[in-house]
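Listed in order, the protein sequences are those of chains A, B and C. Residue 276 in my numbering sits at position 276 of the first sequence, with consecutive numbering throughout. Going from the second sequence to my numbering is simple: count from 1 and add 1000. Going from the third sequence to my numbering is simple: count from 1 and add 2000.
If you are wondering where the hints come from, they were derived from the structure by calculation, not from laboratory data. Don't take every hint at face value.
To be verified - Computed spacing ranges between beta-carbons, pair by pair:
no.	chain 1	residue 1	chain 2	residue 2	range
1	A	Asn-295	B	Lys-1122	43 to 51 Å
2	A	Glu-193	C	Gly-2027	27 to 35 Å
3	A	Gln-242	B	Asn-1211	18 to 26 Å
4	A	Arg-229	B	Asp-1248	29 to 37 Å
5	B	Asp-1248	A	Lys-240	20 to 28 Å
6	C	Thr-2010	A	Gly-195	39 to 47 Å
7	C	Asp-2070	B	Val-1039	39 to 47 Å
8	B	Asn-1006	C	Asp-2074	37 to 45 Å
9	C	Gly-2057	B	Asn-1006	52 to 60 Å
10	C	Thr-2097	B	Asp-1003	44 to 52 Å
11	B	His-1121	A	Glu-286	40 to 48 Å
12	B	Thr-1015	A	Thr-4	48 to 56 Å
13	B	Ser-1087	A	Ala-278	35 to 43 Å
To be verified - Once the Cα atoms are required to be at most 30 Å apart in a straight line, the calculated DSS-like pairs of lysine-lysine come out as:
no.	chain 1	residue 1	chain 2	residue 2
14	B	Lys-1267	C	Lys-2101
15	C	Lys-2033	C	Lys-2096
16	C	Lys-2003	B	Lys-1122
17	A	Lys-240	B	Lys-1195
18	B	Lys-1251	C	Lys-2033
19	C	Lys-2003	B	Lys-1009
20	B	Lys-1251	C	Lys-2081
21	A	Lys-152	A	Lys-290
22	B	Lys-1122	C	Lys-2081
23	B	Lys-1195	B	Lys-1148
24	B	Lys-1267	C	Lys-2096
25	B	Lys-1044	C	Lys-2003
26	B	Lys-1267	C	Lys-2033
27	B	Lys-1195	A	Lys-165
28	C	Lys-2101	B	Lys-1122
29	C	Lys-2096	B	Lys-1188
30	B	Lys-1155	A	Lys-240
31	B	Lys-1210	A	Lys-240
32	B	Lys-1188	A	Lys-240
33	B	Lys-1122	C	Lys-2090
34	B	Lys-1155	C	Lys-2081
35	C	Lys-2081	B	Lys-1210
36	C	Lys-2003	B	Lys-1210
37	A	Lys-240	B	Lys-1122
38	C	Lys-2101	B	Lys-1251
39	C	Lys-2033	B	Lys-1148
40	A	Lys-240	B	Lys-1148
Every value quoted in this text rests on a predicted model; they were computed, and no experiment measured them. Even glycine gets a Cβ: it sits at the ideal position worked out from N, Cα and C.
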Amino acid sequence: MPHTARIAFVSSDQQLTFAVQLRLQSKRYQTTVISSISGVLGACYSDPPDLLLVDLSSSRTISTEIITTLRSDSFFSTIPIIGILETMEPDHEQWDNSLLDDFIRLPINYNELFCRISLSLSRIKRIFDNNPLTRLPGNTSIQRAIEAALGKDLAVCYVDINHFKPYNDVYGFGHGDEVLRMLSRIMFNAVHESGGGFSGHIGGDDFVCIVPLENCEAVCQVIIRHFDRIVLDLFDEDVKQQGYYLGHNREGIEQQIPILSISIGVVPMNYSKLQHSAKVAEVAAELKKKAKLTNGSCYVIDQRKE
Amino acid sequence: MDDKRNELKKIIMDTKTLPTLPGVINKLNTLSENEKSSVQEMAKIVSSDQVLSARILRLANSPSYGFYRVSTISNAMILLGVNVVKSLALSSSIFEIMEKNSVGLWEHSLGVGVAANLIAHKLSLPECEEIATAALLHDIGKVIISLKCSEAETKIRRVIRDQELYTTEAELQVIGTDHSEVGSWLAKSWFLPEKLSEPIACHHDVSASKNHRIKTSVVHLADVLIKASGFGNSGDPYVHRIQPAAWDALKLNDQFLVEIVEEIEDKMVEVKNFSLELQN
Amino acid sequence: MQKIPLMLATPDMVLARDVFRGDSPIGMPICGKGTVLTNSLIARFEHLDIQSISVEGHPVWEDGDRSLDDILRDLDFRFQKVMDDPLTVKLHEIYKTFLTKSMGDDSGR
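With the hints as constraints, model all of the structure from the sequences given.
Right, dumping it as structure tokens:
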């Protein structure tokens, strides 16, 4: 059951407050009114709203102070703040540094306000979850997607990079980041060009994609082929010839580190035994262990038939 | 002269796009409308065109994608994805029609790219595709000069004809710089990796190359061979001398030349066919 | 015998070599040496993505009638600035030999 969004309205103007609250409630938004500074932070921490509507037309300084305080804590960075401004205000707003996400002018056109509220809420949902490095959807979206895939003719593929940590240690995080960005594009393109599906970045060097069962082998093959090819560009001739470079293991002993390759664990979702998304990750972990036994890139599909 | 040169440099560093042949755009349009056409077919067309190749490499190496070492079209296509490549290619304005002259330069660039590929493979060099890409792009400076200094370009052509000069000599006379330098400015402002920009900058002065002597030598040699073969039109008909720096770097001998000439001439027939197909 | 781009092929030309699918001559040829070309055959080659074919004689001439002399004169013209460079002169010789040999089979038109 989707929960209705909670909107906190900050204003000291009683008339405006009454009108806005009424309208918001008519749209089924749970509305809280905050009329003083001291109340705001407390209320927001204990019961974080999904969106903040701030009246900047009356009590300008107070409202601005509230917004500044809220924004200084990254905990609230994902709460959209919409400001209500005066009608004929000259455009002296410093929009570049503004802490607002959106604004609306008085007199309030409520249809427009509702549109802006919806847009702000969906935008936050869309971008907050994205991995900052690769901009692929993150864990919340991934969970949802896996749950939605249970029992369907889809396959969930968990992709990770073999010997990634030593690569980072030897070549530096800048290069490591580049590899992650490359794999994310390669995977995304492979999924997209095969007809579509879901691509996500769990974190670090762990990625996941969901594609129709009939496409999963082809997609895995494309990802592997492309990754193996692109990765060659990252190493010198001698390293390429040898197939390894020198690094250190956890104990500090010099070791031959094989060049980067990937392992993919493929979990078909149409097994009745798979009831829970957590089980999917478990199965994938076993599959990947098997995949890592092979040198170089490979994928392993779960063979369970029941 | 220095002012002219600096002004020109500024203009070039500001350039975001270059025109390409209508035939290439049309072929790409047809391919993209046809569901059954493959990525390979698109890649083939794209890697035959120096402007499209440069634009795609530019995008792949730009800060927005966070890659900085992409030096081949196939890798760029893998990373950008087919849709991005398609839209980029198709966004070339077909109204920026290039004159008949340009077909000659297009053929020359393609020929040098193919020749460089043959040379690199015959010498069993690493990174053949990168070398071929650098070779394809080696005269991109001429495309920019043609676009941004059309008056000067007319004058350059006249000087070449009247004084029987190499293109580089005429360019220096008229605009104070040459297509190698101009090409290297563009390569830099388009984020192309050094393994591509150095051959572009030094294909007429191999000894000036620092980190990519081998690649530059191959591009230089390919350029000389295609001029010798008479395929395409690079602005002047005169063959350049083979620079000893290149000969030494690649450790060549006479027998190699004999064999490579045959291979190149053989391949050029197919390249000519490709060119005729596109112009149809 | 002349190797020509497929785009320049016309009916009545005669194949001087077998035509194979793809780049390397493996397996059965699509069409044998000695076959006389027709429009439908040329179209079939196009469809199979064949780029070039070898035909009898020297039926294709670019820029009109050109004899070996004309072609060698063009070659000398191109090389005029480098005839004093021993390294590049070698290239000139190689091309001269090559062109003479490839035209020689057909002894002119």
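Checked hints:
Under the hint 43 to 51 Å, the C-beta atoms of A/Asn-295 and B/Lys-1122, about 32 Å apart, miss the expected range. Separated by about 32 Å at the C-beta atoms, A/Glu-193 and C/Gly-2027 satisfy the suggested range of 27 to 35 Å. As the Cβ distance of A/Gln-242 to B/Asn-1211 is approximately 22 Å, the hint placing it in 18 to 26 Å holds. The beta-carbon spacing between A/Arg-229 and B/Asp-1248, approximately 32 Å, falls within the hinted interval of 29 to 37 Å.
Under the hint 20 to 28 Å, the C-beta atoms of B/Asp-1248 and A/Lys-240, about 26 Å apart, fit the expected range. Checked against the given bound of 39 to 47 Å, the beta carbons of C/Thr-2010 and A/Gly-195, roughly 44 Å apart, stay inside it. Checked against the hint of 39 to 47 Å, the C-beta distance between C/Asp-2070 and B/Val-1039 comes to roughly 44 Å, which is consistent with it. Against the hinted window of 37 to 45 Å, the Cβ-Cβ separation of B/Asn-1006 and C/Asp-2074 comes to about 40 Å, which satisfies the hint.
A hinted range of 52 to 60 Å for the beta carbons of C/Gly-2057 and B/Asn-1006 is consistent with their spacing of about 58 Å. One distance hint, 44 to 52 Å for the beta-carbon pair C/Thr-2097 and B/Asp-1003, holds here, with the actual separation near 50 Å. As the Cβ distance of B/His-1121 to A/Glu-286 is approximately 44 Å, the hint placing it in 40 to 48 Å holds. As the Cβ distance of B/Thr-1015 to A/Thr-4 is approximately 53 Å, the hint placing it in 48 to 56 Å holds.
The given range of 35 to 43 Å is respected by B/Ser-1087 and A/Ala-278, whose C-beta atoms sit roughly 40 Å from each other. About 17 Å separates the Cα atoms of B/Lys-1267 and C/Lys-2101, which keeps this hinted pair within 30 Å; it holds. The straight-line distance between the Cα atoms of C/Lys-2033 and C/Lys-2096 is roughly 29 Å, inside the 30 Å bound, and the hint therefore holds. Distance check on the hinted pair: C/Lys-2003 and B/Lys-1122 sit about 22 Å apart at the alpha-carbon level, within 30 Å; holds.
Using a Cα cut-off of 30 Å, the hinted pair A/Lys-240 and B/Lys-1195 holds, with the two alpha carbons roughly 18 Å apart. With a CA separation close to 40 Å, the supplied pair B/Lys-1251 and C/Lys-2033 exceeds the 30 Å bound. Between C/Lys-2003 and B/Lys-1009 the CA atoms are separated by roughly 45 Å; this puts the pair beyond 30 Å, and the hint is violated. A hinted pair counts as satisfied when its Cα atoms are at most 30 Å apart, and B/Lys-1251 with C/Lys-2081 qualifies at roughly 25 Å.
Between the alpha carbons of A/Lys-152 and A/Lys-290 the distance comes to roughly 25 Å, so the proposed pair stays at or under 30 Å and holds. With a CA separation close to 28 Å, the supplied pair B/Lys-1122 and C/Lys-2081 stays within the 30 Å bound. Of the supplied pair hints, the one linking B/Lys-1195 and B/Lys-1148 holds, its CA atoms being roughly 26 Å apart against a limit of 30 Å. At most 30 Å may separate the alpha-carbon atoms for a hinted pair to count; B/Lys-1267 and C/Lys-2096 meet this at roughly 18 Å.
A threshold of 30 Å between alpha carbons decides the hint, and for B/Lys-1044 with C/Lys-2003 the separation of about 22 Å falls inside it, so the pair holds. For the suggested pair B/Lys-1267 and C/Lys-2033, the alpha carbons sit about 21 Å apart, so the restraint of at most 30 Å is met. Between B/Lys-1195 and A/Lys-165 the alpha-carbon distance is near 28 Å, which keeps this suggested pair within the 30 Å criterion. Restraint check for C/Lys-2101 and B/Lys-1122: satisfied, since their Cα atoms lie roughly 23 Å apart, inside the 30 Å limit.
At roughly 40 Å between alpha-carbon atoms, C/Lys-2096 and B/Lys-1188 are farther apart than 30 Å, so this suggested pair is violated. Of the pairs offered as hints, the one joining B/Lys-1155 and A/Lys-240 is violated, with about 50 Å between alpha carbons and a cut-off of 30 Å exceeded. Restraint check for B/Lys-1210 and A/Lys-240: the C-alpha separation of about 23 Å stays at or below 30 Å, so the hint holds. The straight-line distance between the Cα atoms of B/Lys-1188 and A/Lys-240 is roughly 28 Å, inside the 30 Å bound, and the hint therefore holds.
For the proposed pair B/Lys-1122 and C/Lys-2090, the alpha carbon gap of about 19 Å is at most 30 Å, so the pair holds. Distance restraint check for B/Lys-1155 and C/Lys-2081: the Cα-Cα separation of roughly 22 Å lies within the 30 Å cut-off, and the hinted pair is therefore satisfied. With a C-alpha separation of about 28 Å, the suggested pairing of C/Lys-2081 with B/Lys-1210 holds against the 30 Å cut-off. Only pairs whose Cα atoms come within 30 Å are accepted, and C/Lys-2003 paired with B/Lys-1210 is rejected, the gap being roughly 41 Å.
Between A/Lys-240 and B/Lys-1122 the alpha-carbon distance is near 20 Å, which keeps this suggested pair within the 30 Å criterion. Distance restraint check for C/Lys-2101 and B/Lys-1251: the Cα-Cα separation of roughly 28 Å lies within the 30 Å cut-off, and the hinted pair is therefore satisfied. Restraint check: the Cα-Cα separation between C/Lys-2033 and B/Lys-1148 comes to about 51 Å, which exceeds 30 Å; the hinted pair is violated. Between A/Lys-240 and B/Lys-1148 the alpha-carbon distance is near 43 Å, which puts this suggested pair outside the 30 Å criterion.
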